[in-house]
Amino acid sequence: MKNFFKYREIWLLAGIVLLIGLISTRFPGFADPANLRPVFNDTSILMILALGQMVVILTRSIDLSMASNLCFTGMVVAMLNAAHPAIPVPALIAIALLIGLVLGAINGLLVWRLNIPSIVVTLGTLTIYRGATFVVSGGAWVNADQMSPDFINFQRVAFLGLPVLSWIALFVIALFFLVMTRTQIGRSIHAIGVNPTASVYAGIDVGRTKFIVFCISGMIGGLAGYLWISRYVIASVEVANGYELNIIAACVIGGISIAGGIGSVGGAVLGALFLGIISNALPVINISPFWQMAISGTAIILAVVLNARGERRQGRIILRKAEAA
Amino acid sequence: MDTTAQHKVETARPEPSSSTPSASPRLTLSGISKSFPGVRALHNVSLSLYPGQVTALIGENGAGKSTLVKIMTGIYQPDAGDISIDGQAATLPSAHAAFGHGITAIHQETVLFDDLSVAENIFLGHAPRTRFGTIDWRTMRKNAREVLETMRAGHIDADARLKDLGIANKHLVAVARAMSIDARIVIMDEPTAALSMKEIEELFLLIEFLKSEGKAVLFISHKFDEIYRIADRYTVFRDGEMVGEGLLKDTGQNEIVRMMVGRNVDHIFPERKPKIGAPVLSVSGLSHPTEFDEIGFELRKGEILGFYGLVGAGRSEVMQAIAGITRTSRGTITLDGKPIAPKSAADSIEAGIVYVPEERGKQGVVIGLPIFKNVSLPSLARTSKSGVLRLAEEFALARSYTERLDLRASSLSQDVGTLSGGNQQKVVIAKWLATAPKVIILDEPTKGIDIGSKAAVHGFMAELVAQGLSVIMVSSELPEILGMSDRVVVMREGRIAATYDNKGLDAETLVRTAAGIAA
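Residue numbers (my numbering), protein chains in the order written: chain A, 1 to 325; chain B, 1 to 519.
In short, the hints are calculated from the structure, not lab data. Hints should not be assumed to be uniformly reliable.
Said to hold, decoys possible - Ranges of calculated distance between the beta carbons of each label pair, as one might list FRET restraints: (1) A/Pro-88 <-> B/Thr-334: 56 to 62 Å; (2) A/Ala-31 <-> B/Gly-387: 40 to 46 Å; (3) A/Leu-162 <-> B/Arg-390: 49 to 55 Å; (4) A/Gly-21 <-> B/Gly-459: 55 to 61 Å.
Stated by the list, open to error - Far from chain B, some chain A residues (derived; all Cβ distances over 12 Å): (5) Glu-9; (6) Leu-19; (7) Val-39; (8) Ala-86; (9) Pro-117; (10) Ala-174; (11) Ile-192; (12) Tyr-201; (13) Tyr-232; (14) Ala-294; (15) Gly-297.
Claimed, not checked - With the Cβ distance kept under 7 Å, some of the chain A side facing chain B (calculated, not the full set): (16) Arg-60; (17) Thr-183; (18) Gln-184; (19) Val-194; (20) Pro-196; (21) Ala-198; (22) Gly-203; (23) Gly-207; (24) Asn-286.
Please read these numbers as outputs of a predicted model, since none were measured by experiment. Heads up, the beta-carbon is just placed ideally off N, CA and C, and yes, glycines get one too.
Turn these sequences into a full structure, and let the hints steer you where they fit.
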């Protein structure tokens, strides 16, 4: 299985290299590190969000409310910054994480305590959180001129050749990698996705673990809220509208099985990068946005076909055992 | 090879009783064999069903009854053997083909569609059409009512949603469906398991009706009173072989019990010198609203306590309650003199009780994770430090327990899904032992695994109790119960029917107690 994961991620990596190669034939400078760095930076928010979504999907759940959470949290920190420019940015980030955590915990509690399927819960909160954004802002925008220079520039500061935003993404990637491979909660997340029944018998609290993953995706949504608003320097009710589908697409392209249990940090990152490269490169080489969507869609279907093949192989083993039992 | 006495295997076809309308069988299975990887489910079995007669298929759990039903309904393909219907050689390559031959099965939990109406359920797949090709609802309802009327089941509304009916009425709908496709062979797989006394009587009337219509009926049940009440013939299976058949009126209950349990000694159980100490686990008055009532027993240090009973007797449910997986309504569990009230599996594991569930694939191994992660899964609280995994500790834990169990694997990083059933079971047992329990509950520990792996599991159980652990072994395999247990608790219908010391205990006593037959 482990080899199979690697296999799939290597395929995705090969696909990305091929894509960069193809683009380079039309736009020779594309593969230049000096050009790829901004592409990475531009994809950072999607990568972070995809990781938050990944832990949820691994437990056979889904969080459709991430983009709405991003929008709400982003609006709140933007309004705070506009009203109290003295609040330092790290404090605003902490507030964003906290708000995101609360919104995620609401999802998690509904899934855990009321046993409502996560797709239903988060479909509801998707609307509620965006509606709440309207309520807090009264429909008004927060514009760049209302934001403090620190608020806007924090993520743009270059540190060791990379902007802070890229460093935040790298930090989150490393953190998720450690959590998934080196902590008990990471192991539990993986185990309940693969076999929830066996996990119950092994003493893992499936409901509580699901609550925790929604808290994680909520915090990620909140963090991404600040990063998004300070990157695009506008906060409105329309921010990241429909973006939850891009997040899920990144996960699916990254080989994370919607059925849960299968997926890795590397896959989520590569899936997001794939989408990031497409959206950055195609306009540069004069390919219409229609093709961009078609290519993303094709990549999703290809990824699902590859996943389905992998799962079928696994399914046969289970079937054989079930028959023998 | 088979040296035990074959009770009452009749080489010639038995003479039909005077009441039977036809002498030739409707369906004959002969020389049927079926194996799954590592398990021989059926070996050279035969079965004949006669029109207008009910044949009871009798055997312990795991005797191969379900496999045979799946072959008859086209779900499994036999590895060898012949099927003939009305004297013509036939094949049943699919469920659809079996349906086409008029073979239909009515299961314990009926396989119908809850949200469709009674009429739709009866005619699904063969609904009458109008001349435009759309479903002719009016004719369908009328036909449904007619079929129900002929079965004296006119009280069922053809327009009712199936989910609004009781189980007995669902059975009636299933039979009506069988009638509507002109089924000629009706298989009833433990149809009475979930029925009340009154509903069972109604079902029997229905079976009489099927007989009078000339249908060949196969009736599978564990309950002897029902078998003698309704069936004309019997066929007994044991360990995937047919060990006897004949007319029930010529055969006593005890004779059938003997056929069910007599067997080859093909497996040597480990020699043990039990050193039994003080009680470790005491359970008293343990009750559950629906599954079991007033369960009380004691498990002593160094003891193997066998739990025997029919499927559905409530053994696994009791064990799941002790393991904190299901809740109880009343009763106390005392471990080492201290009362415990486990609210989750984690609580029980913490207290020192582990439960190794029956369904290995679904409840035991986590396919997709490597061996060492499977082994460490319930012990992560111990091998981790403040939530951070320590992989070296996990590996050491997994290595020490898998070596003790003689696990055959190329590496501990190998996916458990690539192991054989027997080796998977060793991984599961290793995973539970690694939690350092005081009491280990094994639910059907050797179900569906090969002889070699069985011996390893038994040997290891003996080793465990020798080291002072206490084991509860839920098993439906009589040789295992008799070969391994120090004492045997027999459960029947959610209650403890008897507790025996395993000294001179014989299989027939156990089967009689479990089935509720007076000696």
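*Of the hints stated earlier, which fail here?*
The structure conflicts with hints 3, 11, 12, 16, 20, 23, 24, although it agrees with all the remaining ones.
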